[in-house]
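Once you've looked at the hints, dock chain B against the given chain A.
Sequences listed follow chains A and B, in order.
Position 105 of the first sequence, counted from 1, bears residue number 105 in the numbering used here, the numbering being contiguous throughout.
Position 45 of the second sequence, counted from 1, bears residue number 45 in the numbering used here, the numbering being contiguous throughout.
Please keep in mind that the hints were generated in silico from the structure rather than gathered at the bench.
Hints are not guaranteed to be accurate.
Said to hold, decoys possible - Calculated pairs, DSS-like style, for lysine-lysine (alpha carbon to alpha carbon, straight line, at most 27 Å):
1. B:5 x B:58
2. B:15 x B:58
3. B:68 x B:5
4. B:42 x A:30
5. A:13 x B:58
6. B:71 x B:57
Stated by the list, open to error - Some chain B residues well away from chain A (every beta-carbon gap over 10 Å; in silico):
7. 24
8. 104
9. 109
We treat Cβ as the ideally placed atom computed from N, Cα and C, and that holds for glycine.
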Amino acid sequence: DAGVTQSPTHLIKTRGQHVTLRCSPISGHKSVSWYQQVLGQGPQFIFQYYEKEERGRGNFPDRFSARQFPNYSSELNVNALLLGDSALYLCASNLDWVNTEAFFGQGTRLTVV
Amino acid sequence: QQQVKQSPQSLIVQKGGIPIINCAYENTAFDYFPWYQQFPGKGPALLIAIRPDVSEKKEGRFTISFNKSAKQFSLHIMDSQPGDSATYFCAASEGPSSKIIFGSGTRLSIRP
Numbered sequence: 001d002a003g004v005t006q007s008p009t010h011l012i013k014t015r016g017q018h019v020t021l022r023c024s025p026i027s028g029h030k031s032v033s034w035y036q037q038v039l040g041q042g043p044q045f046i047f048q049y050y051e052k053e054e055r056g057r058g059n060f061p062d063r064f065s066a067r068q069f070p071n072y073s074s075e076l077n078v079n080a081l082l083l084g085d086s087a088l089y090l091c092a093s094n095l096d097w098v099n100t101e102a103f104f105g106q107g108t109r110l111t112v113v
Numbered sequence: 001q002q003q004v005k006q007s008p009q010s011l012i013v014q015k016g017g018i019p020i021i022n023c024a025y026e027n028t029a030f031d032y033f034p035w036y037q038q039f040p041g042k043g044p045a046l047l048i049a050i051r052p053d054v055s056e057k058k059e060g061r062f063t064i065s066f067n068k069s070a071k072q073f074s075l076h077i078m079d080s081q082p083g084d085s086a087t088y089f090c091a092a093s094e095g096p097s098s099k100i101i102f103g104s105g106t107r108l109s110i111r112p
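Just chain A, with the same shape it has in the complex (with noise of 0.2 Å):
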């Protein structure tokens, strides 16, 4: 039984350049969450989609999009790489939007040269 797949695992980015990273969930889940996870720091949150719709937003400059396609799938981007952005980005897979339990992937760490 599948969890939360991110691809790709690892990826090195130069400054200024754009990224893409991937996402399943859990099938059956409907609800993505993307959150960064700096060095040594918890988790912040990014973006929520459930339904292929935006269902909330972190603190993180427009640079940060993303969005979920009908299988429920998600793609976060990230235009304009700086070297700040170099960190582990989860995704996490939820049954719906309301407050149950979050299933994380291992993650994409990028680094930014």
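Just chain B now, kept in the frame of chain A:
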């Protein structure tokens, strides 16, 4: 603004001891308080969670104590084992939303 404050930052305990991690929150609208365990290179995994209408919850060797009036909650790990060595995060969320506010984390090391 740190909505969930966690302490200590790191903790070393001998095998069999009872590590205690403490958290405090400010937003009285929070109504769901989960604890997550994270191993290096992995995503956080839910350990145990509590709602504010309950003062204590036990699941296996993990216990949450909750003090609504003090706006504090804590995690106790009974009979700790070296395999419990990980980073632990307390967290909170509010209302009909899956948005989770995490604490800063506690790096726990259990010595054999």
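Hint check results:
1. Of the pairs offered as hints, the one joining residue 5 of chain B and residue 58 of chain B holds, with about 22 Å between alpha carbons and a cut-off of 27 Å not exceeded.
2. Restraint check: the Cα-Cα separation between residue 15 of chain B and residue 58 of chain B comes to about 20 Å, which is no more than 27 Å; the hinted pair holds.
3. For the hint linking residue 68 of chain B to residue 5 of chain B, the alpha-carbon distance of about 15 Å falls within 27 Å, and the restraint holds.
4. At roughly 22 Å between alpha-carbon atoms, residue 42 of chain B and residue 30 of chain A fall within 27 Å of each other, so this suggested pair holds.
5. About 44 Å separates the Cα atoms of residue 13 of chain A and residue 58 of chain B, which puts this hinted pair outside 27 Å; it is violated.
6. A C-alpha spacing of about 16 Å is found between residue 71 of chain B and residue 57 of chain B, which places the hinted pair at or below 27 Å, so the restraint holds.
7. With a least CB separation of 14 Å from chain A, residue 24 of chain B remains clear of the 10 Å interface cut-off, as annotated.
8. Its closest Cβ contact with chain A, about 5 Å, brings residue 104 of chain B to no more than 10 Å, contrary to its assignment away from the interface.
9. The beta carbon of residue 109 of chain B is kept farther than 10 Å from every beta carbon of chain A, the shortest such distance being approximately 15 Å.
Hint check: violations occur at hints 5 and 8; the rest are consistent with the structure.
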